[in-house]
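There are 2 protein chains.
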Amino acid sequence: MEQFRAYLQQMINISKDELDVFTSSCIPKAFKRNDIISRPDTVPNEIFFINKGIIRVTITDNDGVEHTIHFALENQFIADYSCFIMKQPSLYALQALEQTEVIVLPRSVVEWGYKNLAEGDKLGRLVAEFYFIYQDMRIRNLYAYTPKERYDKITEVFPDIHNRVPQHMIASYLGITPVHLSRLKKGESR
Amino acid sequence: MEQFRAYLQQMINISKDELDVFTSSCIPKAFKRNDIISRPDTVPNEIFFINKGIIRVTITDNDGVEHTIHFALENQFIADYSCFIMKQPSLYALQALEQTEVIVLPRSVVEWGYKNLAEGDKLGRLVAEFYFIYQDMRIRNLYAYTPKERYDKITEVFPDIHNRVPQHMIASYLGITPVHLSRLKKGESR
DNA sequence: GCAAAACGATAACAAATGTTTAGATTTCTA
DNA sequence: TAGAAATCTAAACATTTGTTATCGTTTTGC
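From first to last, the protein sequence lines are chains A and B.
Be aware that the first sequence starts at 53, since it is given in the numbering used here, and climbs by one per residue.
Be aware that the second sequence starts at 53, since it is given in the numbering used here, and climbs by one per residue.
If you are wondering where the hints come from, they were derived from the structure by calculation, not from laboratory data.
Some hints here could point you the wrong way.
Below, in silico cross-link-like pairs of lysine-lysine (PhoX-like), each with a Cα-Cα straight-line distance of 25 Å or less [as the list claims (entries may be wrong)]: (1) B/Lys104 x B/Lys205; (2) B/Lys205 x A/Lys167; (3) A/Lys205 x B/Lys139; (4) A/Lys139 x B/Lys139; (5) A/Lys205 x A/Lys237; (6) A/Lys68 x B/Lys139.
Non-contacting residues of chain B with respect to chain A, defined by C-beta distances greater than 10 Å in every case (computed) [to be verified]: (7) Met63; (8) Gly105; (9) Thr112; (10) Asn114; (11) Ser134; (12) Met138; (13) Glu171; (14) Asp173; (15) Asp204; (16) Ile213; (17) His214; (18) Ile222; (19) Val231; (20) Lys237.
Cβ coordinates follow ideal geometry from the N, Cα and C atoms, glycine included.
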């Protein structure tokens, strides 16, 4: 729990008492490699903070093809936050790609924090803004860069991804097929 | 200004006094059709609230091609909010597509609001969350739907877009060429 | 440690999407 | 209101990207 406490203290002004009360309702949990953490079609009522490991977010399209929307790394929150906010059934699946340790924040705890922590809303704003910036970059890259350019830049966001994630999942994240990524690496086309 | 005041009252609990002080620092401004509201390469120090009209957000890639990232409609905020937060030079251009009336919120006013409005951070959180949900949908659609499917669904988000925006800008928003959109409409491929 | 599964490269072919050009129509602007 | 500019469609061709199948290699789970 120490890692999560340090994260909170670095984000907002929070007293020892607040920290104790808040984190006492958060639950550590561990997943094994390839474990499914969360499936689509149920309302997400938890947010996860990653202490260690890596979590992949996927969506399955109408043809049954699975697309990798996101990789979440250490010291980041992950959830289907859209559906969490809207209290609607999730569209995403979450999967641990390594032995992964998380802190679970149930909905009741999140809402309690917004209401009762002196800077609870500010924390919420900062986290939402952080992901806004990340998503904005995602969208920008999908429009303005070729798949090859997105591949070349991927380590800027996911530093050691090539050692932690199989290439076909990276291809999926880039929005292309594994065969095509293999081709791009060989240097044909751009 | 009345429209903006109503928007604020609907989003958060805000006293008449707070409302008066806050909105007295906000500046109404009008743009003509095709006016450039904001250019890339300067740090954005304003957020716009749209009373009337429609604003297009674009990015120009390394080959000089312009991509339409977003359309902003009535009763929405618009800015290069990422670069606003990070105080970095903007990557986007904003352009009025119709005679457009906005409320300008200078950075000083936004930051004053976060600090001094009782629910300032909450407003910031709610707005950031709103755009998080929108962007999440954007990314999801880019991965899981074909251009044709995105075209068929576009009025869900931009109701009367076909009457307000030329088709080649819609194509740009969909991530395809105008020629290709014309083809899709004819019903070839999917 | 071994058998099975997953993984990545490659080739041949298919489908989707982009490029260029032209022409007809609509819309804007002076 | 007339001329110019913008817009949309269309066709032919080029390029990119996907699909399927195969074959070594690596990794994994028992």
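Comparing the hints with the structure gives:
no.	hint	in the structure
1	B/Lys104 x B/Lys205	24 Å, holds
2	B/Lys205 x A/Lys167	37 Å, violated
3	A/Lys205 x B/Lys139	22 Å, holds
4	A/Lys139 x B/Lys139	33 Å, violated
5	A/Lys205 x A/Lys237	13 Å, holds
6	A/Lys68 x B/Lys139	32 Å, violated
7	Met63	13 Å, holds
8	Gly105	23 Å, holds
9	Thr112	8 Å, violated
10	Asn114	8 Å, violated
11	Ser134	4 Å, violated
12	Met138	7 Å, violated
13	Glu171	7 Å, violated
14	Asp173	4 Å, violated
15	Asp204	13 Å, holds
16	Ile213	18 Å, holds
17	His214	21 Å, holds
18	Ile222	14 Å, holds
19	Val231	18 Å, holds
20	Lys237	21 Å, holds
The structure is inconsistent with the numbered hints 2, 4, 6, 9, 10, 11, 12, 13, 14, although it conforms to all the rest.
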